[in-house]
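Enquirer: Using the sequences and the hints, build the whole thing.
Note that this note's numbering has the sequence shown beginning at 1, numbered continuously upward.
No lab work stands behind these hints: they were computed from the structure.
What you were told as hints is all true, and nothing was included just to trick you.
Straight line, CA to CA, 25 Å or less: simulated DSS-like cross-link-like pairs of lysine-lysine:
#  : residue 1 : residue 2
1  : K473      : K605
2  : K473      : K516
3  : K131      : K81
4  : K560      : K537
5  : K473      : K560
6  : K388      : K351
7  : K605      : K537
8  : K537      : K619
9  : K605      : K560
10 : K131      : K87
11 : K472      : K605
12 : K234      : K370
13 : K560      : K472
14 : K487      : K516
15 : K605      : K516
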Amino acid sequence: MESEGDVGLDRIVETDEARLTEIAYHKKMNRWIAVFCTPIFLFYAVFHFFLANPFQYIVFSALALNAVAALVAGYWLTDLKSLVALKRITAAIAFALLAASLLAGVMSDDLYIFIPWVFTYPVGVMLFFGKRIGVVCALAFCLALSIIVIAMDFPPWDAWGIKMFKYNAIMALTTVLFIALISEIIRVRVQNDLVASQNEYRLAEQRQRKTNKELQREIELRVQSEKALAQSEKRYRALFEESAISLWEEEWSQVKVYLDTLPLEAADDLKGYFKKNQEQVEACIAMMHVTAINRATLNLYEADTTSRLLRNLSRILPENRTDYLIERMVDLYQNGRFNAEITAHTLSGRKLHLLIGSTVPVGYENSWEKVFTSVYDVTERVALEEEKKRVDQKLQHASQIQAIATLAGGIAHQFNNALAVIYGNLELLEANIRGGLETSRNFNALRTSSGRMSQLTDQLLAYAQGGKYQPKKFSANDLIMGVLESKKDQLDPSIRLTADLAPDVLSVIGDTTQIKMVVEAVLNNATEAISHGGQVKIATYNMSIDSGMDKDNPPAPPGKYAVICIEDTGSGMSPEIRRRIFDPFFTTKIHGRGLGMAAAFGIVKNHDGIIVVDSEPEKGTRVMIYLPGANGRQPHPASDQSQNAA
Numbered sequence: 001m002e003s004e005g006d007v008g009l010d011r012i013v014e015t016d017e018a019r020l021t022e023i024a025y026h027k028k029m030n031r032w033i034a035v036f037c038t039p040i041f042l043f044y045a046v047f048h049f050f051l052a053n054p055f056q057y058i059v060f061s062a063l064a065l066n067a068v069a070a071l072v073a074g075y076w077l078t079d080l081k082s083l084v085a086l087k088r089i090t091a092a093i094a095f096a097l098l099a100a101s102l103l104a105g106v107m108s109d110d111l112y113i114f115i116p117w118v119f120t121y122p123v124g125v126m127l128f129f130g131k132r133i134g135v136v137c138a139l140a141f142c143l144a145l146s147i148i149v150i151a152m153d154f155p156p157w158d159a160w161g162i163k164m165f166k167y168n169a170i171m172a173l174t175t176v177l178f179i180a181l182i183s184e185i186i187r188v189r190v191q192n193d194l195v196a197s198q199n200e201y202r203l204a205e206q207r208q209r210k211t212n213k214e215l216q217r218e219i220e221l222r223v224q225s226e227k228a229l230a231q232s233e234k235r236y237r238a239l240f241e242e243s244a245i246s247l248w249e250e251e252w253s254q255v256k257v258y259l260d261t262l263p264l265e266a267a268d269d270l271k272g273y274f275k276k277n278q279e280q281v282e283a284c285i286a287m288m289h290v291t292a293i294n295r296a297t298l299n300l301y302e303a304d305t306t307s308r309l310l311r312n313l314s315r316i317l318p319e320n321r322t323d324y325l326i327e328r329m330v331d332l333y334q335n336g337r338f339n340a341e342i343t344a345h346t347l348s349g350r351k352l353h354l355l356i357g358s359t360v361p362v363g364y365e366n367s368w369e370k371v372f373t374s375v376y377d378v379t380e381r382v383a384l385e386e387e388k389k390r391v392d393q394k395l396q397h398a399s400q401i402q403a404i405a406t407l408a409g410g411i412a413h414q415f416n417n418a419l420a421v422i423y424g425n426l427e428l429l430e431a432n433i434r435g436g437l438e439t440s441r442n443f444n445a446l447r448t449s450s451g452r453m454s455q456l457t458d459q460l461l462a463y464a465q466g467g468k469y470q471p472k473k474f475s476a477n478d479l480i481m482g483v484l485e486s487k488k489d490q491l492d493p494s495i496r497l498t499a500d501l502a503p504d505v506l507s508v509i510g511d512t513t514q515i516k517m518v519v520e521a522v523l524n525n526a527t528e529a530i531s532h533g534g535q536v537k538i539a540t541y542n543m544s545i546d547s548g549m550d551k552d553n554p555p556a557p558p559g560k561y562a563v564i565c566i567e568d569t570g571s572g573m574s575p576e577i578r579r580r581i582f583d584p585f586f587t588t589k590i591h592g593r594g595l596g597m598a599a600a601f602g603i604v605k606n607h608d609g610i611i612v613v614d615s616e617p618e619k620g621t622r623v624m625i626y627l628p629g630a631n632g633r634q635p636h637p638a639s640d641q642s643q644n645a646a
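Expert: Written out as C-alpha cells, the structure is:
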C-alpha cells in the first residue's frame with residue numbers, strides 16, 4: 001500500500017513530466033510554425049514589394065527575420081527559462097507585427113487582400129498563447145477590427161478585389177488547416193511520450209522500492225556484522241593494551257605498493273638495491289605509520305604520552321637505523337616475518353637491549369595495512385653477560401696497556417739517553433769547529449731535529465705515565481697565527497685565507513699541540529671543500545653563555561668561552577653528511593682517512609669545550625669551536641676517559 005509521501009511524490013513527478021511535455025510541445029510548435037510561416041512571410045514581402053507598398057513590405061520582411069531568429073535561437077537554447085523567454089519575445093513581436101499588418105491592410109485600398117487573413121489571427125493567437133493571453137489578444141484584435149469595419153467605407157468590389165479575396169481566402173484556410181494539423185500531431189505524439197514516460201517511471205519506481213528493501217536488509221546485516229566486529233575489536237584492544245610485552249601496530253600499505261612496483265632485478269636483491277639507493281630507504285621510512293602502541297611500550301621507552309613517543313621515534317631506534325629498517329623491510333617482504341636483537345635507547349637516553357619480532361597478520365599479506373611488532377626487553381640479561389665480558393676485557397686490556405706503556409717508557413728513556421749524547425756532542429762540535437754560514441745551518445738543522453725528537457719523547461713519556469696531556473695557558477690568536485704561517489705556502493693561489501682575530505680574546509687552558517691539531521683538521525676540510533677557488537675566513541671572539549639562553553638547545557654549557565670560527569665558501573654538506581661528520585672513519589673524499597674531525601671532536605670535548613658545525617649544500621660551511629676561558633682555572637691533567645675519547 002502506498003503511503004501519502006509516495007502519492008505526493010507521484011504527483012510531483014507527474015507535474016514535472018507534464019511541464020516537460022508542455023515545453024517539448026511548444027518547442028516543436030515554435031519550430032514547425034517558424035518553418036511553415038517563413039516562406040509565406042517572404043512571399044508576401046516580395047508580393048508587396050512589387051505592389052509598391054513599402055509598409056507591408058517592411059512588416060513581412062520583419063516577420064520573416066523574426067521567425068528565422070526564433071528558429072536559430074531555439075536550436076541552441078536548452079534550459080527552460082531561456083526557451084520560455086524566447087517563445088514569449090518572438091511570439092509577441094510576430095503577432096504584434098501581424099496585427100499591425102492586418103489592421104493597416106484593412107484600412108487601405110488593399111482591403112480585399114487582407115480580409116481573409118483577419119480570421120486566422122484570433123485562431124493563431126489563441127492556439128499559440130493559450131487561454132489567458134491568447135483570449136485577451138484575440139478580443140483586442142476583434143474589437144479593433146470591428147471598429148474599423150463599422151467606421152470605414154468599403155471600396156467598390158472590382159475584378160482585382162474579387163481575385164485577391166478568393167486567392168487569399170484559400171491561402172488563409174490552408175494555413176489555418178496546416179497549423180491545426182501540425183499542432184494536433186505534435187500534441188498527440190507528445191502526449192503518447194508522456195504516457196510512456198509515466199509508465200516507465202512507475203516501473204522504475206517499483207524497481208527502486210524493491211532495491212530499497214534489499215538495501216535495508218543489507219544495512220541491517222551490515223550493522224549486525226559491525227557490532228560483532230566492534231566486540232571483536234574491543235576484546236583485541238583489551239588484550240593489546242593490557243599485554244606486559246611492548247606491542248606496536250603499524251600501517252605499511254604504501255611500502256608494499258612501492259616494493260611490488262620495483263623492477264625484477266631490484267626485487268631479487270633488495271638489500272643491494274637499498275644499499276645503493278639510500279634515498280629510497282628514507283622515502284620508505286616516510287611511508288611507515290605507527291597506528292597504535294600499548295602501555296607496556298610507553299613504560300619500556302620511558303614516555304609519558306603516546307604523542308611524545310611518536311614525535312621522538314628517531315631517538316629510540318638503533319644507531320644503525322638505516323640498516324635495521326632495510327633488514328626489516330626485506331625480511332617481511334621475502335619471509336613475512338622479521339626477528340632481530342638490537343640496541344636502542346629510551347627517551348631519557350638509557351640503553352636498551354631488545355628482541356624485535358615483526359609479522360604481517362593473516363588477511364593482510366597482500367595489503368600490509370597492518371604490521372604487528374612485539375618488543376622484548378633483555379637488557380638485564382645482556383648487562384650480566386656484558387659485565388662478565390667487560391671484566392675479562394679489562395683484565396686483558398690492563399695487561400696490554402701496561403705492556404704498551406712499559407714499551408713506550410723504555411723507548412722514551414732510550415731516546416733520552418741517545419738525545420743526551422747527541423746534545424753533548426753537538427755542543428762539543430760547535431765549540432771545537434769554527435765553520436762558516438753553511439756549517440752553522442747544518443748545526444741548526446741538527447738542533448731542530450733533536451728538538452722534535454725531544455718533543456716526541458715527552459709525548460711518549462706522558463703516555464707511559466698514564467695517558468695525560470700537558471695543559472698550559474695560551475692565547476688562541478697566537479696559536480692560529482702559527483697555524484696560518486705554516487699554511488700560507490701550502491695553499492692553492494685560488495684560495496684566499498683571511499683572519500679576523502679579536503685582540504681581547506680570552507686565554508685558554510689546554511694542550512696547544514692538540515688544539516693546533518683541531519684547527520689544522522678543520523682548515524684542511526675547508527680548503528679541500530673549495531679546491532677550485534674560494535675564501536676561508538678564520539675569526540676569534542668571546543662569547544658569554546648563561547643558563548637563560550635558548551634553554552632547549554644551548555650551544556654550550558653556561559660560562560665564558562673563547563670561540564674559534566672557521567668559515568668557507570665551499571660546496572657545503574647535506575644534513576645527512578653533517579650528522580655523520582664526527583663519525584670515526586667517515587669521509588666523503590679519500591679512502592683511508594676520516595679520523596681528523598672525530599679526533600677534533602674528542603680533543604675539544606676533552607678540553608671541556610664543544611664544536612658546532614653549520615652547513616648547507618652550495619652555501620659553504622661554518623665550524624665554531626667553543627673553548628672555556630681560563631678565568632682563574634688551574635691547569636689539570638685530563639682523565640683517562642677524556643684522553644681515550646680524544
